[in-house]
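With these hints in hand, go ahead and build the complete structure from the sequences.
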Amino acid sequence: MTKPTSDAYLSRFEIRPHHPFQDRPFAGLSAMAVPKRKHSNSRTGKRRAHDHLKKRQVTYCPQCSTAVPTHVVCPKCGYYQGRTVVESTDQ
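Residues 1 to 91 in the UniProt record's numbering are what the sequence shown spells out, letter by letter.
One or more hints might be untrue.
Claimed, not checked - DSS-like mimics (lysine-lysine), calculated; alpha carbons at most 30 angstroms apart, straight line: (1) Lys-54 with Lys-76; (2) Lys-36 with Lys-46; (3) Lys-36 with Lys-55.
In case anyone wonders, no lab produced these hints; they're calculated from the structure.
Keep in mind it's a predicted model, so treat the numbers as computed, not measured.
In structure tokens:
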């Protein structure tokens, strides 16, 4: 077989010298940071050590004995720190 002498033998960059990505082969791609090595399990665990959920602190209303989160008005009777803050219709 002989090599063709037409433009079909040339690469597409040689056919179109003003191709937009000819000078910069990665210009169309976005560059992202990629880790070179895997982080060990202990290193991952040290980073996640403070990410655990904490229990919600609960107190009991002195008026109706309903469990209420701290520093919150009782949703059942409307009391907060020994006085009525919100009038409730349940009473």
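Within a Cα-Cα threshold of 30 angstroms, do Lys-36 and Lys-46 meet the stated pairing?
-> holds, 20 angstroms
Taking 30 angstroms as the top limit, are the C-alpha atoms of Lys-54 and Lys-76 close enough?
-> holds, 25 angstroms
Sort out whether Lys-55 lies within 30 angstroms of Lys-36, counting only the CA atoms.
-> violated, 38 angstroms
Figure legend: structure checked against the earlier numbered hints; the only hint not met is number 3.
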